[in-house]
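Novice: With the hints as constraints, model all of the structure from the sequences given.
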Amino acid sequence: MLLRHTPDTVAERTALTINPAKTCQPIGAMYAALGINRCLPHSHGSQGCCAYHRSTLTRHYKEPVMAGTSSFTEGSSVFGGQANLLQAINNIFAIYEPEVIAVHTTCLSETIGDDITQIIAKAREENKIPKGKYVIHANTPSYVGSHVTGFANMVKGMVDYFAAADGRKENRINIIPGYVEPADMEEIKRIASDMGISTIMFPDTSNVLNGPQTGRYAMFPAGGVTVADLIRTGGSMGTVALGRLASGLAARTLDAKCKVPCEILDLPIGLMATDRFIDTLRQIAGVSVPDSLNIERGRLLDVMTDMHQYFFGRTAALAGDPDQLISLTEFLVSVDMWPIHIVTGTPGKKFESRIKEITKEVPHPVNVKATGDLFLLHQWIKNEPVDLLIGNTYMKYIARDEDIPLVRFGFPILDRIGHIYFPTIGYRGGLRLLEKILDALLDRQDRDAPEESFELVM
Amino acid sequence: MSEVLDTISPKPSALQPMAVKKELLERYPTKVARKRARQIIINEVGPDCSVPEIQSNVRTIPGIITQRGCTYAGCKGVVLGPTRDIVNITHGPIGCGFYSWLTRRNQTKPNGPTDHNFMTYCFSTDMQDEQIIFGGEKKLRQAIQEAYDILKPKAIAIFSTCPVGLIGDDVHAVAREMKEKLGINVFAFSCEGYKGVSQSAGHHIANNGIFTHVVGLDDTVSEGKFKINLLGEYNIGGDAFEIERLFKDCGLTLISTFSGNSSYDYFTNSHTADLNLIMCHRSINYVAEMMETKFGIPWIKINFIGASATAKSLRKIAAYFEDAELAARVEEVIAREMPAVEEVRAEVKTRCAGKRAMLFVGGSRAHHYQELFREIGMEIVSAGYEFAHRDDYEGRRVLPNIKVDADSRNIEELHVEPDPNRYKVRISPEQIDRLEKTGLRLKDYDGMMAEMPNGTLVIDDISQFETEKLIEIFRPDIVCAGIKEKYAIQKSGTPMKQLHSYDTGGPYAAFKGAINFYREIDRMVNSKVWKYLKAPWQEHPELAATYVWE
Ligand code: SF4
Ligand code: SF4
Chain Z
1 MLLRHTPDTV
11 AERTALTINP
21 AKTCQPIGAM
31 YAALGINRCL
41 PHSHGSQGCC
51 AYHRSTLTRH
61 YKEPVMAGTS
71 SFTEGSSVFG
81 GQANLLQAIN
91 NIFAIYEPEV
101 IAVHTTCLSE
111 TIGDDITQII
121 AKAREENKIP
131 KGKYVIHANT
141 PSYVGSHVTG
151 FANMVKGMVD
161 YFAAADGRKE
171 NRINIIPGYV
181 EPADMEEIKR
191 IASDMGISTI
201 MFPDTSNVLN
211 GPQTGRYAMF
221 PAGGVTVADL
231 IRTGGSMGTV
241 ALGRLASGLA
251 ARTLDAKCKV
261 PCEILDLPIG
271 LMATDRFIDT
281 LRQIAGVSVP
291 DSLNIERGRL
301 LDVMTDMHQY
311 FFGRTAALAG
321 DPDQLISLTE
331 FLVSVDMWPI
341 HIVTGTPGKK
351 FESRIKEITK
361 EVPHPVNVKA
371 TGDLFLLHQW
381 IKNEPVDLLI
391 GNTYMKYIAR
401 DEDIPLVRFG
411 FPILDRIGHI
421 YFPTIGYRGG
431 LRLLEKILDA
441 LLDRQDRDAP
451 EESFELVM
Chain L
1 MSEVLDTISP
11 KPSALQPMAV
21 KKELLERYPT
31 KVARKRARQI
41 IINEVGPDCS
51 VPEIQSNVRT
61 IPGIITQRGC
71 TYAGCKGVVL
81 GPTRDIVNIT
91 HGPIGCGFYS
101 WLTRRNQTKP
111 NGPTDHNFMT
121 YCFSTDMQDE
131 QIIFGGEKKL
141 RQAIQEAYDI
151 LKPKAIAIFS
161 TCPVGLIGDD
171 VHAVAREMKE
181 KLGINVFAFS
191 CEGYKGVSQS
201 AGHHIANNGI
211 FTHVVGLDDT
221 VSEGKFKINL
231 LGEYNIGGDA
241 FEIERLFKDC
251 GLTLISTFSG
261 NSSYDYFTNS
271 HTADLNLIMC
281 HRSINYVAEM
291 METKFGIPWI
301 KINFIGASAT
311 AKSLRKIAAY
321 FEDAELAARV
331 EEVIAREMPA
341 VEEVRAEVKT
351 RCAGKRAMLF
361 VGGSRAHHYQ
371 ELFREIGMEI
381 VSAGYEFAHR
391 DDYEGRRVLP
401 NIKVDADSRN
411 IEELHVEPDP
421 NRYKVRISPE
431 QIDRLEKTGL
441 RLKDYDGMMA
451 EMPNGTLVID
461 DISQFETEKL
471 IEIFRPDIVC
481 AGIKEKYAIQ
491 KSGTPMKQLH
501 SYDTGGPYAA
511 FKGAINFYRE
521 IDRMVNSKVW
531 KYLKAPWQEH
541 PELAATYVWE
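Listed in order, the protein sequences are those of chains Z and L. Under the numbering used here, the first residue of the first sequence is numbered 1, with each subsequent residue one higher. Under the numbering used here, the first residue of the second sequence is numbered 1, with each subsequent residue one higher.
Just so you know, these hints were derived from the structure itself, not from any lab. The structure presented is a predicted model; accordingly, all values stated were derived computationally and were not measured. Take the hints with a grain of salt, since some may be wrong.
[Said to hold, decoys possible] Below, computed lysine-lysine pairings styled on DSS-like, alpha-carbon distance capped at 25 Å:
| no. | chain 1 | residue 1 | chain 2 | residue 2 |
| --- | --- | --- | --- | --- |
| 1 | L | Lys512 | L | Lys355 |
| 2 | Z | Lys62 | L | Lys531 |
| 3 | L | Lys31 | Z | Lys131 |
| 4 | L | Lys349 | L | Lys312 |
| 5 | L | Lys35 | L | Lys469 |
| 6 | L | Lys31 | Z | Lys133 |
| 7 | L | Lys512 | L | Lys316 |
| 8 | L | Lys469 | Z | Lys62 |
| 9 | L | Lys534 | Z | Lys62 |
Specialist: See below:
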């Protein structure tokens, strides 16, 4: 037993987190920053955080993840990190030549209280920021929120620093894709472009964190939203933000700053959330939905109806980020599966009520917890086993101990590929998710079937 | 076939090292260049094995993309991480604990299904802003209580992260208090990430903590004529399992490994051994030094990476014990293991000889793995450590000359004295004399540079920029580094082997490990996949107006 010490009895814990279902803000900020063209994320704090964030992102994406660090030592921790950051800005522009440095704080620099806005101003005064180059920042203390919060804060930073309005509105929509994979971002762009809509998507990690092998390494790959586009977001006619937690903040900030109205939607995972996304795009842009998308929708629905017998009443335990889990739960419920244990590590009261609302017709009690952890999830599973697990790679320990199939979904996925290449959002993504779920369930059915009922046709 | 493998004599690279160094420094602002110039050294080994001085264990310059991690990573992740039955609680916000959760591939094998094994768990106090403002001791105390209630461990360790040091939580006081209350061993490490310039500070802090709170608690003397500890072996990919198998076959009794496949009880009893073997000199020589002073256990530097290195190390151990029977068994084991190694080596060498490697990793691995590469005829064009000190490069002879700077000074040096009851002389001065005459040097290490060819570049704390440049200049056939460097190197069309956690695979230690490594490197440097980088139309972009089918 890999998790041999996890007892079935759930005892309330108020201080100890065991096997977290979240991680810290800066990693989300770093991921978001990588979605700007020619941007080097910079971690303002000790170099350890930066090393950890880079390592984890690298393991998940299997792609280079570069970031600078202010390399604090004891002195900077006492006297503040201004000198380190000024020096870092100078060195980074000289050595690596990015167009943007996106600074995020860490617990350390937050606790000291370094004023990044002021340090950036000083860097500008001292001519450490070359002409035409930018330094932006976000505050990302990890003792608040989670990696999702960090992502949201950095996306807001993009709006704070770049978005500009000159009063003119252009026939174009901003899309904030949420904390999703590069493949998902690509898919979102494709859907909008199939609808004939002009968009600016930010951040955009496609072609940055799912780049091709070419035999030539480029620290700044071709992908990412350009600074010019980020500036122009202020003149778009509207913003569609996907995922309340990851994208809501930036969308509202852009509205307040440049009067760009926004719609905050769920991540388009599954049929209904994708319907809402496409319908919203259609209405804002005043276009009609092309047949190609109707066909995709029909295919997804086709599988939902054709394979309903395998979904119906199957129970699942889920862990992940709130934005993902909300849509994913809705998707499972829509095929009559029963997601009965759901945890996220990310705090937030609305999460639990949304999930309760979505699952109210599930004919089974549903456990849900924000600020939960995988230890708790495992205990729930021990008390009430399920047919399927959906979550990140750390769930494989529970999967093995309890002998339950696992569909890998979320962050981080350290032991499989696919997530960076094949979307799980939109109709096509929904199809892929259902295929993965079916594969897992049917493989198990095959494995467990007595010889006499082992069947060729399923 | 029992003779030790010949390692090919390394040849200096054809490229002009001075010119290469100049190119590496060109892009840097003056101050950066000046500093880096002292960390990028052209190797030159004198007749007395003297080597040039290299600057190391100094701060990384802000803004430089470095390989390094932090003190916490060195303490919790590296040294204490591989021990299965201590509940390691990270006191801090969630991130630090999360990232050090199962990511180092140190394997462990409990003795039975009821044995404690907490390695798959991640424990954290997940500090919130409330604790940052009002202090986190209360939450920490409660977390320890909860861990105890649920898991009933023998020992609980607490690891401080950066913000903890700043807000001034007294983790040691909390540990003492909870130790008293729960009646189990509870101890804490002030391993805040900012404390040192790299992981290295964390190793030191971890060593001090284990030595103070754990080593020596159990005086039971186990049976066995030749009792040893293995220090600085972390069982990545099962390395320690392979070494343990060898020890058993040779008739050596392993009391404790620090800290691969290790357990708390082994540590408590480790002072009953008669010899300490040091694998990773950087991370753990402190423990060996302190154990020698306090208990009288001598240490020798060994290396189980590479077949000839393994044979040499086993013979060193046999020589130390001066026992003919042991020596004979060691020879037997070497003779038994060598043919298979030799066979694979010879085969692999035909495909790998003459190829080039660069190694930038760790604080010993960049040295140890050179043996393996040389065994299959490969050349090391450049190497360096991520967090080593001068002695790891230049040998322990420079220890008296190392200036202790402010960053090292804030790591506690323990004052250790001989234990009045348990200090035991293991080896007499005459014996030491005798051994030294045969070439067995106790408590000594020559460092990496003495074993590298003249003209090779030795680089401390290499930056991403320098890595890219070197690849461009040397066009190596393989680069060894860590996960953060991996895909940038591979995107340049160069295979990359991780040597911290090996990516996958292992064990690479000892004889079977050598075979695994030869095969792995063969696979990597001779893989077909790198040949397809260009599509046909990129290789021959001219358009020819003919039908393809003609
Ligand atoms: S200190 Fe904070 S930012 Fe750094 S790794 Fe830990 S939780 Fe994350
Ligand atoms: S916060 Fe400090 S201890 Fe934690 S990872 Fe960062 S540098 Fe290391």
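Novice: All hints, please: hold or fail.
Specialist: Hints, verified against the model:
no.	hint	verdict
1	Lys512/L / Lys355/L	holds, 23 Å
2	Lys62/Z / Lys531/L	holds, 20 Å
3	Lys31/L / Lys131/Z	holds, 22 Å
4	Lys349/L / Lys312/L	holds, 21 Å
5	Lys35/L / Lys469/L	holds, 18 Å
6	Lys31/L / Lys133/Z	holds, 22 Å
7	Lys512/L / Lys316/L	holds, 20 Å
8	Lys469/L / Lys62/Z	holds, 22 Å
9	Lys534/L / Lys62/Z	holds, 21 Å
Checked against the numbered hints given earlier, the structure satisfies every one of them.
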